[in-house]
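So the chains spell out like this:
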Amino acid sequence: MKNLMAIKTVWYVLFVFMSSSNTLWAADNVQPISDLDELLETVKKNRQQEAQLNKQREQAFIKQKNRQQALLAEAKKKFEASQVGNNPLKKQTAENAERIKQAQQALLKKKQELGDIYSIYTSMAGDFSAALQDSMVTTQKPARTEQMNALLQTDRLASMQELEQLWLLVQEEMTESGKIARYEGPVVTRDGHVENRDILRLGTFTAFSEGDFLRYVPETGELLALSRQPSSQHVREAAEFSSSAGQLLPVVIDPTGGSLMGLMTYTPTLQERVEQGGVIGYIIIGLGLLGLLITLWRALYLAFIHGAMRRQMARIDQPSNKNPLGRILLSASAFKAGDDKIQYKLDEAVLAEVSRLERSHNLIKLLAAISPLLGLLGTVTGMIVTFQAISLFGSGDPKLMAGGISQALVTTVLGLIVAIPLLFGHNLVSSLAGNMVQRLDEQSAGLMARLMESQSSKVD
Amino acid sequence: MQAILALLFQLMTDIQAFIEQGGPIIWAVFAACLLLWCCIVDRYWFYKIGFPQLAQTITADWQARSDHQSWRAYKIREAIISEVRIRLHARLSMIKTLIILCPLLGLLGTVTGMISVFEIIAVNGTSNAQSMAQGVYLATIPTMAGLVVALSGYYFSVRLRQIADNETSKLADKLMLL
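The listed protein sequences derive, respectively, from chains A and B.
For the first sequence, this note's numbering gives the first residue as 97, with consecutive numbering after it.
For the second sequence, this note's numbering gives the first residue as 907, with consecutive numbering after it.
One chain only, chain A, in its complex shape:
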């Protein structure tokens, strides 16, 4: 308990010390406090002073507040005044924004229209430059290509001038394509030289130079003399046309602009076709010629004999040994009618004649039968060549196979071409000979009999 009392005392002392030190700070210049009453006095005095001070501050605050309020009112007044000036401006801003929007839309539309024109221009120019490249007129006016390229290479929107240039070029092409023009220009001749020659151009279709048909090669823009000219009649017509002055003359043009003429150089001539047949083709042709010669010989021979027999029949009583009928009649003339031996003699004589009349007929038939077989042989060898080509190069390029195939087909054609006339000729020859043999065989005896009859009636 004593301890607790002691602590309380200490606390108290401490508290007093503290509060005195507080007052000491508040009034620095105040004399040091000696006792508690004085302290109380001092505190009271301080409080009075503080209250007074607070009042003063309060007043200052209120004063300040009033001033602020006045300032606010003033500012509000100013704001309202400025607002009055501001409103029309705001309205104008909104209006301007609207106008900007409209103007932007109009610009967009205009841009689209112009873009359409530009895209049409570029596509037209592209198409037309291809057409120019393909047109024969370019050889007459080579400067056009550069002009066209310049028109094509613009990045900006096309200007009015460029549009007009394109238009003029198109119009020029149209006009030129309807003209027959004569000019001098480079021509690639058949042996590969480039020569300056007089060129006659018919529209965009065909060009001649000194009687040669020319072909236009769009890739290089050159005129080529065709390595194989059309038939001589067309060439002659072309030459006449070139040398004429404004008359109406027939002439051949190639409406495809030279590609048909170009294809023509690929079509083989008759000679080349025959060469395609190879060895077998030549064998077939040789056999065919042989067969035709034999047929011709037999036909002429039989026609001659036929005439001779006709004449012999008219003069049956004077048999000559220069025709079969006469020879047969002569051989039997020694015998009398009714004799058995006369029939034998006649048969023998006819047999001798038959072999003479029907000579080589079987050969013709053989040749007619062999030639299609040879054609078949050519077909098979051609197929072998084709399959060899396939095994070497694959079937990708049909042009590599064409050689074998054309050999196969050409030999077949040759075989048939030989076989058909030979069959026909054999029929002709053998029917002629057959009729004659039949006449000799069955009618010589009858003629003899008639002769004998007329002789015996004369005797009577």
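In short, the hints are calculated from the structure, not lab data.
Each statement offered as a hint is correct.
What the simulated footprint calls covered on chain B by chain A, stretch by stretch (three residues with Cβ under 8 Å from a Cβ of chain A suffice, anywhere in the stretch; the number is not a length):
#, stretch
1, 969-979
2, 985-992
3, 1003-1009
4, 1015-1023
5, 1026-1040
Cβ coordinates follow ideal geometry from the N, Cα and C atoms, glycine included.
Given the coordinates of chain A, assemble chain B onto it according to the supplied hints.
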């Protein structure tokens, strides 16, 4: 009248188009066809109109003979029959040959058409079926025409031979040997 003319004109243009599509071989087939039918018509004409008269005169001549029995009469009869047989059988072998020839001509057309197809392939490659079709026409139309001509003539070639044989033996029967 006008309708018939129009029909004829239509027919002409059709034939022309057919020939143009078939190429030059069609002309050969056409010629063979014409020859074949001329022969056939000629034969029928002869069998129906020419031959009966001929047969009558021949029989009358034979009847007029006094001698119908001797070796001479026998030989003369044989000669007459043989002459008649030749006249009746004339051109029949031509008809037969033409019937063999027509399919061959058609085959020729096939092969020439194939050649033109391969030519087109050699130039254009196999991509253009339209241009190849022209060659195929060239190949198939003569073949068809050749076969049609041959088939149309086939019956007549057999029938005419029969008629000729029959007429020959009928005449032989009429020329009696007593």
